[in-house]
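Could you build all of it, start to finish, from the sequences and the hints given here?
Residue numbers (the working numbering), protein chains in the order written: chain A, 222 to 409; chain B, 3 to 234.
It should be emphasised that the hints constitute simulated quantities derived from the structure, not laboratory data. No residue lacks a Cβ here, since even glycine has one placed at the ideal position from N, Cα and C. Wrong hints could be hidden among the right ones.
No farther apart than 25 Å at their CA atoms in a straight line, the calculated lysine-lysine pairs in the BS3-like style are these [to be verified]:
#1 LYS360/A - LYS381/A
#2 LYS310/A - LYS226/B
#3 LYS13/B - LYS381/A
#4 LYS226/B - LYS381/A
#5 LYS226/B - LYS360/A
#6 LYS4/B - LYS360/A
From chain B, some residues computed to sit far from chain A (all C-beta separations above 10 Å) [stated by the list, open to error]:
#7 ALA15
#8 ILE30
#9 VAL31
#10 GLY39
#11 LYS76
#12 LEU153
#13 MET207
Below are the chains, spelled out letter by letter.
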Amino acid sequence: MHPDSDLETLMARYQRGDFAAATALIRRLSPQLHRFFVVQFASRGDADDLLQETWLRIHQVRHTYRAGEPVLPWLYAIARHIRVDHYRKARRTAAREDRLEETPEVAAALPASSGGAPDLEALLAHLPDSQREVIEMLKIAGMSLEEVARATSSTVGSVKQKAHRAYERLRERLSGGGMGAGRAGGPS
Amino acid sequence: MKDREIDDILKQAAQAPHDVDPALLDRIVGSLQSSLGPVRPLPPGWVLAGGLVLICAAVALAGAARAGFYGFPKLSVLDRALIFPALGIFIWLAATACVGEMVPGSRRRMAPGSLLAAGSLALLAVFAVLFRDYRTDHFVSQGVVCLTAGLLHAIPAALASWLLFRRGFAVNAVAAGLVAGTLAGLAGVTMLELHCANLEVLHVMLWHTAVIPVSAAAGALVGKVWPMRTRA
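Here is the structure:
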């Protein structure tokens with residue numbers, strides 16, 4: 222069975238109240254959703270909270286999924302909404318707090334993960350949030366341009382443009398330039 | 003460095019295992035189990051969009067019936083043939099956009115701001131082409147009456163639309179409010195075209211058309227300050 226249609230079947234069963242389908246969806250999609258949050262926030266604690274919050278929201282609005290439609294854009298649109306909400310709350314909190322000391326910049330280099338492959342979070346860390354999420358959805362979640370456009374409420378053209386700009390930045394960075402920049406921008 | 007090489011690096015990085023704490027997953031599964039029951043999925047998009055169009059038509063007709071159909075008889079056949087189909091097309095586009103905003107991950111054919119701009123500009127163009135009376139008698143006093151009447155009819159249209167909207171989940175509440183406000187504003191303009199007998203071009207272009215952006219702005223404001231609650 223095609224993985225997408227498999228997800229659609231699981232989602233339809235979840236809407237009918239099938240506990241096994243809900244469990245299967247959670248176990249199957251949580252790692253990529255968790256990674257989506259880690260790539261954005263770099264903190265596993267935050268990502269854990271966001272993952273839990275996302276599934277709670279998905280559960281509340283599961284009736285809005287339409288049978289036959291791709292599951293990932295629906296799911297990522299909700300995850301993105303949770304992330305943006307969290308980002309705004311965090312920014313409000315940060316604005317009220319007094320900073321005690323300067324925090325070190327993130328991702329000054331490209332550390333390799335334990336397996337020798339480049340660390341994804343560090344690789345994408347210097348991209349603006351809007352470009353990072355597009356690359357994350359396209360290359361890590363394996364979504365199509367059309368699906369990413371749906372998940373981000375934008376057009377395919379805009380997604381292509383963001384991916385193109387992200388590749389230019391990555392090319393510049395991987396070719397040896399622009400290594401020192403921290404994270405830029407906010408969720409769009 | 004070529005795109006394909008970047009692709010390979012990203013692919014390699016993505017293949018690195020990313021595990022989630024099994025205890026966290028157990029907690030998530032456990033927290034959903036107690037409230038896991040069958041839910042009724044939303045009706046098809048065309049049913050919801052049709053419902054929104056009917057609401058707009060009903061509000062406009064009821065409003066004009068109550069206030070009097072003074073404008074409709076004064077319009078020529080050409081006026082009617084251009085104004086009402088144009089309003090119908092934009093009401094349908096706004097209704098389908100509303101449905102898109104209430105279902106996460108929907109295909110967006112037009113950005114809410116573009117829809118508002120296109121709808122307003124198209125109506126301005128239609129009015130500019132059709133009407134030839136350039137007088138401005140009682141411009142402000144009559145204009146404020148029409149603007150107020152249009153907005154007062156946009157409110158019931160928005161409230162009735164909310165009955166359909168509340169089962170959805172708007173991931174962008176401001177965009178959803180903007181589209182819903184645009185739709186309600188179009189209902190208000192439709193009522194004015196049926197009711198208002200003042201066919202002075204500047205009156206119609208300014209005070210009638212203004213109902214749409216004002217209503218859209220009010221909708222966006224409501225979306226910003228009033229987070230949406232959904233009903234499963």
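Hint-by-hint comparison with the structure:
{"no.": "1", "hint": "LYS360/A - LYS381/A", "verdict": "holds, 13 Å"}
{"no.": "2", "hint": "LYS310/A - LYS226/B", "verdict": "holds, 15 Å"}
{"no.": "3", "hint": "LYS13/B - LYS381/A", "verdict": "holds, 18 Å"}
{"no.": "4", "hint": "LYS226/B - LYS381/A", "verdict": "violated, 29 Å"}
{"no.": "5", "hint": "LYS226/B - LYS360/A", "verdict": "violated, 33 Å"}
{"no.": "6", "hint": "LYS4/B - LYS360/A", "verdict": "holds, 16 Å"}
{"no.": "7", "hint": "ALA15", "verdict": "violated, 4 Å"}
{"no.": "8", "hint": "ILE30", "verdict": "violated, 5 Å"}
{"no.": "9", "hint": "VAL31", "verdict": "violated, 5 Å"}
{"no.": "10", "hint": "GLY39", "verdict": "violated, 5 Å"}
{"no.": "11", "hint": "LYS76", "verdict": "holds, 42 Å"}
{"no.": "12", "hint": "LEU153", "verdict": "holds, 28 Å"}
{"no.": "13", "hint": "MET207", "verdict": "holds, 31 Å"}
Checked against the numbered hints given earlier, this structure breaks hints 4, 5, 7, 8, 9 and 10; the rest are met.
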